[in-house]
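Number of protein chains: 2
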Amino acid sequence: MIGFLDKIQRNCDRMLGRSKQMNCRLRPHVKTHKTVDAALIQTGGRRSGITCSTIAEAFFFQSAGRFDDILYAVPITADKFLDAMLLNKIMSNFHIMVDNDEMVSKLLEFEHQSHSKPWSVWVMVDCGYHRDGLDPESTKSIELVRRLLSAPGKVKLSGIYTHGGHSYGVESNEEIIRIATAERDAVVDFVTRLKSQVEGLGEVCVGVGSTPTCSTLPEHLNGVDEMHPGNYVYYDEMQVQLGSCQPEDVAVRVLMRVIGKYPEQNMLLVDCGWTGMSAQGSDANYGRIVGHNLCIKVLKQEAGEVTSIDGTPIPFDKYPIGCLLQLSPYHSCATTHQHRSIHILENEDSTHVRHTWSICKGW
Amino acid sequence: MIGFLDKIQRNCDRMLGRSKQMNCRLRPHVKTHKTVDAALIQTGGRRSGITCSTIAEAFFFQSAGRFDDILYAVPITADKFLDAMLLNKIMSNFHIMVDNDEMVSKLLEFEHQSHSKPWSVWVMVDCGYHRDGLDPESTKSIELVRRLLSAPGKVKLSGIYTHGGHSYGVESNEEIIRIATAERDAVVDFVTRLKSQVEGLGEVCVGVGSTPTCSTLPEHLNGVDEMHPGNYVYYDEMQVQLGSCQPEDVAVRVLMRVIGKYPEQNMLLVDCGWTGMSAQGSDANYGRIVGHNLCIKVLKQEAGEVTSIDGTPIPFDKYPIGCLLQLSPYHSCATTHQHRSIHILENEDSTHVRHTWSICKGW
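So the protein lines, in turn, are chains G and D. Start counting the first sequence at 256; every next residue gets the next number (the working numbering). Start counting the second sequence at 256; every next residue gets the next number (the working numbering).
Quick caveat, the hints were computed from the structure, so don't treat them as lab data. The beta carbon of each residue, even a glycine, is placed where N, CA and C say it ideally should be. Among the hints, a few may not be true.
The calculated lysine-lysine pairs, modelled on PhoX-like cross-linking and capped at a C-alpha distance of 20 Å, are [as the list claims (entries may be wrong)]:
(1) G:Lys372 to G:Lys450
(2) G:Lys573 to D:Lys361
(3) D:Lys372 to D:Lys409
(4) D:Lys372 to G:Lys616
(5) D:Lys344 to D:Lys395
(6) G:Lys411 to G:Lys450
(7) G:Lys616 to D:Lys555
(8) D:Lys573 to G:Lys361
(9) D:Lys395 to G:Lys555
(10) D:Lys450 to D:Lys372
(11) D:Lys361 to D:Lys372
(12) D:Lys372 to D:Lys395
(13) D:Lys573 to D:Lys616
(14) G:Lys361 to G:Lys395
(15) G:Lys395 to G:Lys344
Covered by chain G, according to a simulated footprint, are these stretches of chain D (three or more residues, beta-carbon under 8 Å) [as the list claims (entries may be wrong)]:
(16) 270-281
(17) 351-364
(18) 380-389
(19) 475-487
(20) 566-574
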């Protein structure tokens with residue numbers, strides 16, 4: 256039986272393999288697990304080239320993990336300048352991201368005696384997700400890049416980034432490939448336009464990625480330098496439903512204990528609620544109870560109501576009070592965020608804890 | 256303008272007043288806030304008589320708060336016996352709860368050299384919520400109580416408890432009052448039957464409560480000794496929708512910063528996602544953005560998409576990048592659980608932090 260650590264290693268090796276196959280570097284996102292240990296498996300041991308989603312993560316991976324190349328992939332705001340300046344100073348490469356003219360102005364206006372090194376800036380473009388990013392076809396976007404390049408002592412344009420997060424909302428591999436293609440084309444076409452229209456454009460890194468679009472790849476990623484998926488370390492039942500992985504690839508579990516039996520309701524109560532697994536999923540889709548004809552029907556703060564998937568009577572004798580069930584969660588990012596550390600168990604048949612990994616908390 | 260601490264105090268004073276009005280003690284639930292500071296406001300300064308939902312809370316309120324009377328209001332299981340035994344030993348009153356014959360057997364079988372004091376046990380009955388609890392009309396439930404009383408050296412029957420959690424799913428005050436009445440009748444009738452049918456029944460405490468049923472009270476609570484609501488400390492938009500409180504009573508906020516502006520999508524991006532507020536609520540019902548015609552449309556891990564409530568164009572000039580918005584959350588229990596501490600701000604107009612309260616984490 257493959258162990259949980261082996262599953263994580265396999266998921267990470269496969270993604271490193273895919274990035275090689277596409278002639279890209281892998282700059283994995285660390286927001287799903289927020290642990291130094293998993294990040295090192297993602298990078299194949301390199302302490303550089305990761306993507307994060309909070310300033311707290313950047314400090315954590317720099318200090319606890321000695322990572323020295325981190326992309327903070329959320330639009331920066333002025334309240335985070337002092338932290339970002341410090342990170343920029345103590346690391347070889349700390350990159351921030353902009354997609355707004357107001358913030359470019361703030362960046363160019365920023366004056367601080369300790370700000371000795373230019374900001375390394377990535378520009379985010381929208382490839383159809385419509386959460387954030389500049390319109391890559393707008394002349395205003397070209398203009399924003401020109402403004403960034405106007406102050407080489409203050410700003411270095413390092414990269415162009417997009418994230419096809421709408422790949423989480425589709426129902427077929429074809430649609431994922433369509434979005435993966437849109438990710439690629441959005442950034443590659445934008446860089447092509449920049450090269451022809453903007454003076455003084457240096458080397459810029461071109462990055463794309465989400466776990467679905469990096470698990471179900473497009474025909475090619477020519478012109479793309481980096482892939483930025485994150486969830487694939489653990490995967491989850493959402494990714495199974497999206498076709499990004501097989502059920503046996505999901506490497507995270509929530510252990511739940513049966514604490515009550517209610518035959519009148521055809522229900523078992525477990526001692527894990529949304530505090531332990533998050534409430535994401537819903538409608539009996541909170542995840543998969545591994546190896547049993549059981550599902551979570553209702554989640555409360557510290558308890559979950561479990562019933563049979565197909566409505567047949569639960570064989571209650573099979574489940575003594577105190578027995579453990581394992582949930583393969585719907586959304587591993589949300590589940591792991593409910594915890595302060597993750598215990599790496601031997602495998603599904605053994606609750607022996609092989610390692611305990613600390614999770615970065617806060618913002 | 257009333258400050259946030261004053262709102263908490265007012266919510267707690269009102270609930271203490273309601274319990275007096277009903278001739279009950281208040282044994283408030285602490286699971287919503289999990290802070291010693293709020294618990295002391297709930298009890299009016301007494302370091303006793305609280306209800307908790309995890310063993311970690313019991314240890315936290317005993318050690319950090321010196322509380323010496325705690326009811327652990329979740330069915331106990333054998334894996335928690337050693338912790339419960341320790342809590343029973345170091346506190347004047349630590350109460351556990353059972354609703355299952357298997358666990359009564361385990362309790363009676365439990366032998367440990369340090370177990371010098373009988374378990375103080377509450378029996379949980381079901382008043383129609385159907386999450387947990389014995390059927391109060393079943394003869395098996397009477398039999399379970401007889402078994403508990405059969406070993407007075409090991410077990411002391413201290414109370415009968417019910418929780419009308421289905422009050423969260425109704426749509427009118429009349430329905431809440433109906434459930435509040437069912438809560439009362441379930442436990443009072445059960446105790447009446449016990450008194451007539453069970454030998455050696457001593458003094459038992461009779462407890463009921465949820466925030467809706469303790470905020471919208473039944474005609475009387477004759478025969479009930481204790482009320483156990485919890486959410487009312489902060490309340491939230493769910494409780495507003497349930498009619499338990501007014502919008503101005505909600506005493507908790509999530510501060511979010513505008514980090515992006517996307518007029519094409521009529522959307523502001525904020526730097527708070529489900530990690531900061533939980534994903535509970537959904538369908539643009541994640542909470543109320545205080546004082547603006549804005550609501551959260553989509554929540555991601557570290558970002559939220561905000562649009563106008565009525566579909567009219569957002570006045571983008573009113574929202575510079577970096578400005579703060581305040582969310583009154585849909586479910587304050589879920590929101591506060593996403594954090595390690597709570598900052599008590601002056602009031603809605605001032606982000607001056609008056610106090611910082613530590614939140615009990617873990618299980």
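Going through the hints against the structure:
1. Distance check on the hinted pair: lysine 372 of chain G and lysine 450 of chain G sit about 25 Å apart at the alpha-carbon level, beyond 20 Å; violated.
2. Proposed proximity of lysine 573 of chain G and lysine 361 of chain D is supported: the alpha carbons are some 18 Å apart, at most 20 Å.
3. A hinted pair counts as satisfied when its Cα atoms are at most 20 Å apart, and lysine 372 of chain D with lysine 409 of chain D qualifies at roughly 7 Å.
4. Proximity of lysine 372 of chain D to lysine 616 of chain G is assessed by CA-CA distance (about 40 Å); at most 20 Å being required, the pair is judged violated.
5. For the hint linking lysine 344 of chain D to lysine 395 of chain D, the alpha-carbon distance of about 31 Å lies beyond 20 Å, and the restraint is violated.
6. Distance restraint check for lysine 411 of chain G and lysine 450 of chain G: the Cα-Cα separation of roughly 16 Å lies within the 20 Å cut-off, and the hinted pair is therefore satisfied.
7. With a C-alpha separation of about 17 Å, the suggested pairing of lysine 616 of chain G with lysine 555 of chain D holds against the 20 Å cut-off.
8. Pair hint lysine 573 of chain D plus lysine 361 of chain G holds up; C-alpha atoms about 18 Å apart against a cutoff of 20 Å.
9. A threshold of 20 Å between alpha carbons decides the hint, and for lysine 395 of chain D with lysine 555 of chain G the separation of about 27 Å lies outside it, so the pair is violated.
10. Pair hint lysine 450 of chain D plus lysine 372 of chain D does not hold up; C-alpha atoms about 25 Å apart against a cutoff of 20 Å.
11. For the proposed pair lysine 361 of chain D and lysine 372 of chain D, the alpha carbon gap of about 16 Å is at most 20 Å, so the pair holds.
12. Distance hint between lysine 372 of chain D and lysine 395 of chain D is unfulfilled; the C-alpha atoms sit about 27 Å from each other, more than 20 Å.
13. Among the hinted pairs, lysine 573 of chain D with lysine 616 of chain D is inconsistent with the structure: their alpha-carbon atoms are about 38 Å apart, more than 20 Å.
14. Of the supplied pair hints, the one linking lysine 361 of chain G and lysine 395 of chain G holds, its CA atoms being roughly 17 Å apart against a limit of 20 Å.
15. The straight-line distance between the Cα atoms of lysine 395 of chain G and lysine 344 of chain G is roughly 31 Å, outside the 20 Å bound, and the hint therefore fails.
16. Counting residues of the segment 270-281 of chain D whose beta carbon lies closer than 8 Å to any beta carbon of chain G gives 0, which falls below the threshold of three, so the coverage claim is violated.
17. For the segment 351-364 of chain D, the stated coverage by chain G holds: 5 residues have a C-beta nearer than 8 Å to a C-beta of that chain, and at least 3 were required.
18. Coverage of the segment 380-389 of chain D by chain G holds in this model, with 3 residues showing a Cβ closer than 8 Å to a Cβ of that chain against a need of three.
19. With 0 residues carrying a beta carbon less than 8 Å from a beta carbon of chain G, the segment 475-487 of chain D misses the three-residue requirement, and the given coverage is violated.
20. With 0 residues having a beta carbon nearer than 8 Å to a beta carbon of chain G, the segment 566-574 of chain D misses the requirement of three or more and the stated coverage is violated.
When each numbered hint is compared with the structure, violations occur for hints 1, 4, 5, 9, 10, 12, 13, 15, 16, 19 and 20.
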